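Produce the complete structure using the sequences and hints provided.
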Amino acid sequence: MLLSQLFTKTSKDAAHDAESKNAEFLARAGYVSKTMAGVYSYLPLGLRVLRSIEQVVREEMDRIGSQEVWLSALSPKENWETTGRWDPKVFDVLFHVPGAGDQEYALNPTHEEIITPLMKQYIRSYRDLPFGAYQIQTKFRNELRAKSGILRGREFLMKDLYSFHTDQADLDRYYEVVMGAYDQIFVRLGLAEKTYLTFASGGSFSQYSHEYQVVLEKGEDTIFISIEAEKQGKHIAINKEIFKPGETKCPVTGGTEFREAKASEAANIFKLSNKFSAPFELQYTKEDGSRSDVIMGCYGIGISRLMGILTEACADEAGLRWPSGIAPVDMHIVPLAKTADEESYTVAKALYEKLMKAGKRCLFDDRIDNSVGSRMADADMLGSALRIVVSPKTLKEKKLEVKNRWTAEMALMEEKDFSNLLT
RNA sequence: CGGGAUGUAGCUUAGUUGGUAAAGCGCCAGGCUGGGGGUCUGGAGACCCAGGGUUCGAGUCCCUGCAUCCCGACCA
1 MLLSQLFTKT SKDAAHDAES KNAEFLARAG YVSKTMAGVY SYLPLGLRVL RSIEQVVREE
61 MDRIGSQEVW LSALSPKENW ETTGRWDPKV FDVLFHVPGA GDQEYALNPT HEEIITPLMK
121 QYIRSYRDLP FGAYQIQTKF RNELRAKSGI LRGREFLMKD LYSFHTDQAD LDRYYEVVMG
181 AYDQIFVRLG LAEKTYLTFA SGGSFSQYSH EYQVVLEKGE DTIFISIEAE KQGKHIAINK
241 EIFKPGETKC PVTGGTEFRE AKASEAANIF KLSNKFSAPF ELQYTKEDGS RSDVIMGCYG
301 IGISRLMGIL TEACADEAGL RWPSGIAPVD MHIVPLAKTA DEESYTVAKA LYEKLMKAGK
361 RCLFDDRIDN SVGSRMADAD MLGSALRIVV SPKTLKEKKL EVKNRWTAEM ALMEEKDFSN
421 LLT
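First residue of the first sequence: 1, per our numbering; consecutive thereafter.
Since the hints were made in silico from the structure, they are not lab data. This one's a predicted model, so the numbers in the text were calculated from it and none came from an experiment. Fair warning: there could be bad hints in the mix.
[As the list claims (entries may be wrong)] Computed cross-link-like contacts, DSSO-like style, restricted to lysine-lysine with a CA-CA straight-line distance of at most 27 Å:
hint, residue 1, residue 2
1, K275, K89
2, K120, K249
3, K398, K354
4, K21, K218
5, K403, K349
6, K231, K218
7, K231, K249
8, K349, K360
[Stated by the list, open to error] Estimated spans, in silico, between C-beta atoms of each pair:
hint, residue 1, residue 2, range
9, L144, A278, 22 to 32 Å
10, A192, K338, 44 to 54 Å
11, Q103, V39, 20 to 30 Å
Every residue gets a Cβ at the ideal spot worked out from N, C-alpha and C, and that includes glycine.
Structure, rendered in structure tokens:
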């Protein structure tokens, strides 16, 4: 991608209302643009990051055999009346949208009310169970207060998986499988060190709930981390909402020592049991011919929120940084040339084309009229892990300068050594 | 939904006891530059959030509304 062609621009100034780090940096880098409070548009570089996160999640969901679907974003009022969630006093984040005539629809904030009746068409007997179905889709929640940039919006991208079982024991087994997949997701996103499996209230639908909380200075939740578990190399915490000082014990180790931390909830998983299958009468036939409610689990993970969390966790004063595999590009190439005829430009351009042909994703800063300083600052802001500078100075030694955005280490390398390094 | 703060050029802001709007950045044209948002000259760009009110006169004072951010409540 040529930087001269990229329609987004970086900005030196933060928007006056960008109080949170993610809102400030993602907007300054031109990754996202705020449409209104809690609602963002994703621009070319930001969309690549969002898609990369999405792909990590998708691969781990596929790996455990769950099947990707794409459920409708609108749904009929009746489905929500069936579960009692149409009533704003019961469920205040549901957007009610008018349809033709007297009809009213819901803009889906979650999809139990869609997938449960849907599965009535397909689940007949115990032979059809168990299985999992997931989707990655925009969710709409009428939050009374949107906040913290893309961390808590009224419109956001979420992966939600629903699982269907004959009994609680099979749900318990599958729940563990999903936990394993989630662990893998946090490892791949480079967040494992900061992520704690957090025991939380089940809300109004279940006594069971686990959250994946990522420790962040500006986290909106407070968790109590089990010190005992940490000593055993386990990341276990209790959400403040169910923590009783002096009483609560670590459910994994039995330990009684905790340390308090601020964290952001990246994922939340629930054992639904028959909470939704009962009202929708989603049942299956057992081996003895009798009928029983399907047992369900649901497993959410905030894709766009993870992008915000990664920004909060990784960005430095100079701009964005991303874990490997998540950045919008693999490298950012800057020729320090005054004209496109100079060797430093032609060598850099040739390198760019070679890397692109080899499947690397690169930004090439062909904006040679811009000052050197502004182009270096842009390289830092845009967040590529590697920056390659080709200048008359480095060319004298027939070398390129390679700088690591994370370690700030700089190395002069011969072009062929550099190319070899990448293969 | 309660409380607080803020709305002035594309962006960030200044604007005195009320007298008809200023700067930096960005943008456009042209120089000089070239390893960290460089520099000089010239230029374009604002119904001062909206609607009422007070006043000879309102960016400025008053009322109402809207928007945004923050705190709280809320958060499958």
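Hints, one by one, checked against the model:
For the hint pairing K275 with K89, the CA-to-CA distance comes to about 19 Å; that is within 27 Å, so the pair holds. For the proposed pair K120 and K249, the alpha carbon gap of about 41 Å is over 27 Å, so the pair is violated. Distance check on the hinted pair: K398 and K354 sit about 17 Å apart at the alpha-carbon level, within 27 Å; holds. With a CA separation close to 9 Å, the supplied pair K21 and K218 stays within the 27 Å bound.
With a CA separation close to 18 Å, the supplied pair K403 and K349 stays within the 27 Å bound. For the given pair, K231 sits about 25 Å from K218 by alpha-carbon distance, which is consistent with the 27 Å threshold. At most 27 Å may separate the alpha-carbon atoms for a hinted pair to count; K231 and K249 meet this at roughly 15 Å. Annotation: proposed proximity of K349 to K360 holds, straight-line Cα distance about 14 Å (limit 27 Å).
Between L144 and A278 the Cβ separation comes to about 30 Å, which falls inside the hinted range of 22 to 32 Å. At about 46 Å, the beta-carbon gap between A192 and K338 stays in the expected band of 44 to 54 Å. Separated by about 25 Å at the C-beta atoms, Q103 and V39 satisfy the suggested range of 20 to 30 Å.
Comparing the model with each earlier hint shows a violation of hint 2 alone; every other hint is respected.
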